[in-house]
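Given next are the chains, with one letter for each unit.
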Amino acid sequence: MALLIVEAVIVVSPLFFMGLINKVKALWAGRKGAPLLQPYYDFIKLLGKGEVVSRTTSFVFKLAPSLNIAAALFALTIVPLPILGSAVHFEGDFVLFAYILSLAKFITVLAALDTGSSFEGMGASREVTYSTIVETAFFIVIGSVALLTHRDSFDTIFAVVNVASGYTPLVKILLVASLFIMLLAEGSRVPVDDPTTHLELTMIHEVMILDYSGPDLAYIQYGAALKMTIISILIADLLVPAYLVLLPALGLFALINILVFISVGAVESLIARSRISHIPQFLFLMTTLSLTAFAILAFFLFGGVR
Amino acid sequence: MVDLFIGAGLFLAGGVAAIFVNERLKAPVFFLFAAAAQFFVLTVVVATLTGGGQLVLPVYFSEPIGAAFFRLDPLAALFALVTSIGVLLTSIYSIGYMKMYSGEHAELSSYYFFLGLMAGSMLLLVTAQNAIVFMVLWEIMSISSFFLVAFENGKEEVRKASLYYFIAMQVGAAFLIAAFSWCSAVSGSLDFDSFAPVLGNYGSVSILLFVLFFIGFGTKAGFVPMHTWLPRAHPAAPTGVSALMSGVMIKTGIYGILRILLLVKIPDYRLAYGILLISLITGIYGVMNAIGQHDMKRLLAYHSIENIGIIGMGIGVGMLGLVYNNPLIAMLGFLGGLLHVVNHFTFKSVLFYGSGVVYSQTHTRSIDRLGGLGKYLPLTSVMFLIASLAITGLPLFNGFVSEFAIYLGLVRSLSSNSLSVVVAALVGFSGLAFIGAMALLCFTKVYGICFLGLPRTEYRSEPNEKESTLLVPMGILTFFMMAIGLLPWLAVLLLKNVVMQFLPTGSSDIFQAILPTFRTISIALSGFAAVFLFFFGLRALLLRKRKVEAFKTWDCGYQVGSSRLQYTGSSFAQPFLQLVSELVPQRIHVEKDPVLFPRDASLESHTQDLSERFIFRPAIRLLNRFLDAFSWIQSGRMQQYILYGLIFLVFLLIWVFGVR
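Going down the list, the sequences are from chains A and B. Sequence positions in the first sequence follow our numbering and run 1 to 306. Sequence positions in the second sequence follow our numbering and run 1001 to 1660.
Some hints could be false.
Unchecked claim - Derived DSBU-like pairs (lysine-lysine); straight-line CA-CA distance at most 30 Å:
#, chain 1, residue 1, chain 2, residue 2
1, A, K62, B, K1547
2, B, K1265, B, K1375
3, A, K45, A, K25
4, B, K1099, B, K1547
5, A, K172, A, K23
6, A, K62, A, K45
7, B, K1552, B, K1099
8, A, K32, A, K45
9, A, K49, B, K1375
10, A, K49, A, K32
11, A, K62, A, K49
12, B, K1160, A, K45
13, A, K62, A, K25
14, A, K62, B, K1155
15, A, K49, B, K1466
16, A, K62, B, K1375
17, B, K1265, A, K49
18, A, K62, A, K172
19, B, K1375, B, K1496
20, A, K49, B, K1496
21, B, K1496, A, K45
22, A, K62, A, K32
23, A, K25, A, K49
24, B, K1552, A, K62
25, B, K1547, B, K1466
26, B, K1496, B, K1265
27, A, K62, B, K1496
28, A, K45, B, K1466
29, B, K1155, B, K1099
These aren't lab readings, by the way, just hints derived from the structure by calculation.
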């Protein structure tokens, strides 16, 4: 029951986090900024509108938004929450978690190509290129926590990952940093992508959805926000200590999520978008961090120091 | 067991019968024979797969073969099943596809004859237990497929490709002959079972023998670096044959490796790591090169290499499980690998069949010339999309199930208490994810560029899919892709007895460890589908009474757009190819007039295969230099050659009578 309530809260929260990022950026720049709930207003407004659909498109274009939202919600049921665990769990569930998100990515990329627009093709091409790096690194992260805990589902991994021992803080810092990069990349935020600059040749995710409008656009924006929230939940899962009882744990969990999104806003205020040719280097940082975490783990577990 | 021989005989008879009927009847006649063969093959094969056990038929040949056993065990049954269905589907497909070649009576006769010969030999090959019988069938399969690849021998590139294929197959066979003769020299018999002590004694000899077998069988399967024939032969062959070769024939290489593994029982640990590593390299290298291809069938050929890598990873994980005495990991590895054999047959055949539909309608295989085909070929388009999703390993379709089993085996290995296993598991785990992400890139490229958007060049005639015989085989396979994808536990039922052959005896309840997981996945995926339908329905509901306007694609205000402005496959793949330019070097030729405002310009890009450049070309150069030393033997005078033969015969006589 508690799980259901918390998941329901998470389902409505992603747009708040988007508002939060914008607010942080505004305050940082000395502006008052849009209201925190602005993304909700946009969402509802978009749901109430009609659509303009390109004549070039086919059924793929229509499938993508709904598939995106369904995939993100499905991923949410797999991802564990502190103490409460997850609604759906089985051996190897993280593979399905990653692959269902890939399925949504596949269709989104196709939808971009479906319009025949060279801008969208460009964004699609970048999206898939960078995801080869991010996906691999994400599996190294999962492999590392699986090695650390000797467990084989998200649920059980995060149930024991926070039973502290000597070297885990270091490993966790590396993994959290790695997941944070993934959050920026998958959420198409600065320095990988800049969601505020429409119509630029330099963009990735936003340019792929140029032709969407109305409810479809609402779906896509919500789906993207939920996906970011899920990665943020993974970060929080690594950090909430296991000895807490339910309510403090959930409080801390919420706090960490808010902090994550404040940091996204801060990063966006502090640094500029990278040049396209530099983005792979930034993403390889995620690979390096996760591999280092794995190496440290292997070193400690297999008796570098006896 | 006799049923299987009848089946093989019917395939061959179909090929022979097709020679004697007129052109329009060739395909239907062959199809009828192939369909009749199913009644004999499928009953006995399915019974063996589901019931376990084995059927043995001894056949007595004269010396030196002697008694040869044909044995149908679950492993053989699995490959026989794939072979039989694959041939049937290709025979249906050929009815429509080969119309393209009407008028070439002799060629069509040879097509069906060799198709029947290849089908029959593949079917019997998997049951042969005698080294010589096996090699004879192996060569019949290779040579008949060579004639099929060389079908359009009027084209220079086809002649080159088929010769390349022929030579690669003979080199592979040479390794097999060496390995088999070594085994039988030690064991004193030609029967496979007698090789078991030779192969399983952990000495350096048994490892060397395994390596020889691996090179021989791996050449057929397409493991890197022996893969170079695939991207040549697959595009050259008529599409039905490409599908059959990629979906079925290269798997006989996998079959051979598994058959040897059954004799080895518990492999040496070095072999397990070696297979895992080579397979991972094969997978990554295959898909990386696929991304750089412009020719649809060549791209699919590189994907066959990738999938052989994934199958090999499953086998490698299974071997690791055997080495470290962990039946659960072994079960997951072999289950994943074997299921991927079946899965790859389904989606790769559909992809090849689909590319054939595209080729027959547009007369080009060049991805960058296509576009917007989804509007002309809606059914092909949907089935091609499903196959693309399946080959990428995405959930809802069967590719996910086999990859999931391999992932699970690797995750289990991460809990091992041996550092080397843990490192191997992590490398495999993230490597498989890397392969998956690259496959996603590659198939969004193929599908997105060819079937979506607008045509990049004008089609000579409007493409259509009136030819239903091209669609039926694809439809059947698409059904299987979805069935296994949504009900993964079906696969366990199908493969249980095959996997059991590899595990230590008495571990039959081990499948209980995976069945609940598969059931959960099945339920979870239906939940996912329901959520999707809910949102899709909601969208329709919201838009029901509103204005949905059809307009041109938003082009950022640019008013004179044309379909040629669309992103091409080459540009789509470019950012990734730049990242891996060391591994997949690209050669780009630009030609333009050196004037201020050049009117005509052209750009061509090719990817180079590293293994060809660094392994085969130097090796061939070396070999040529060595063989040049003997060139004086070849004088060009017929009389001299007859003399050689005579001298040889005299020596043979002396040897035969002298030894007695």
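Right, here's what the structure says about each hint:
no.: 1; hint: K62(A) with K1547(B); result: 16 Å, holds
no.: 2; hint: K1265(B) with K1375(B); result: 53 Å, violated
no.: 3; hint: K45(A) with K25(A); result: 23 Å, holds
no.: 4; hint: K1099(B) with K1547(B); result: 47 Å, violated
no.: 5; hint: K172(A) with K23(A); result: 29 Å, holds
no.: 6; hint: K62(A) with K45(A); result: 20 Å, holds
no.: 7; hint: K1552(B) with K1099(B); result: 38 Å, violated
no.: 8; hint: K32(A) with K45(A); result: 23 Å, holds
no.: 9; hint: K49(A) with K1375(B); result: 28 Å, holds
no.: 10; hint: K49(A) with K32(A); result: 28 Å, holds
no.: 11; hint: K62(A) with K49(A); result: 16 Å, holds
no.: 12; hint: K1160(B) with K45(A); result: 63 Å, violated
no.: 13; hint: K62(A) with K25(A); result: 33 Å, violated
no.: 14; hint: K62(A) with K1155(B); result: 43 Å, violated
no.: 15; hint: K49(A) with K1466(B); result: 40 Å, violated
no.: 16; hint: K62(A) with K1375(B); result: 15 Å, holds
no.: 17; hint: K1265(B) with K49(A); result: 66 Å, violated
no.: 18; hint: K62(A) with K172(A); result: 41 Å, violated
no.: 19; hint: K1375(B) with K1496(B); result: 42 Å, violated
no.: 20; hint: K49(A) with K1496(B); result: 53 Å, violated
no.: 21; hint: K1496(B) with K45(A); result: 54 Å, violated
no.: 22; hint: K62(A) with K32(A); result: 37 Å, violated
no.: 23; hint: K25(A) with K49(A); result: 29 Å, holds
no.: 24; hint: K1552(B) with K62(A); result: 16 Å, holds
no.: 25; hint: K1547(B) with K1466(B); result: 35 Å, violated
no.: 26; hint: K1496(B) with K1265(B); result: 18 Å, holds
no.: 27; hint: K62(A) with K1496(B); result: 40 Å, violated
no.: 28; hint: K45(A) with K1466(B); result: 45 Å, violated
no.: 29; hint: K1155(B) with K1099(B); result: 19 Å, holds
Comparing the model with each numbered hint stated earlier shows that hints 2, 4, 7, 12, 13, 14, 15, 17, 18, 19, 20, 21, 22, 25, 27 and 28 do not hold.
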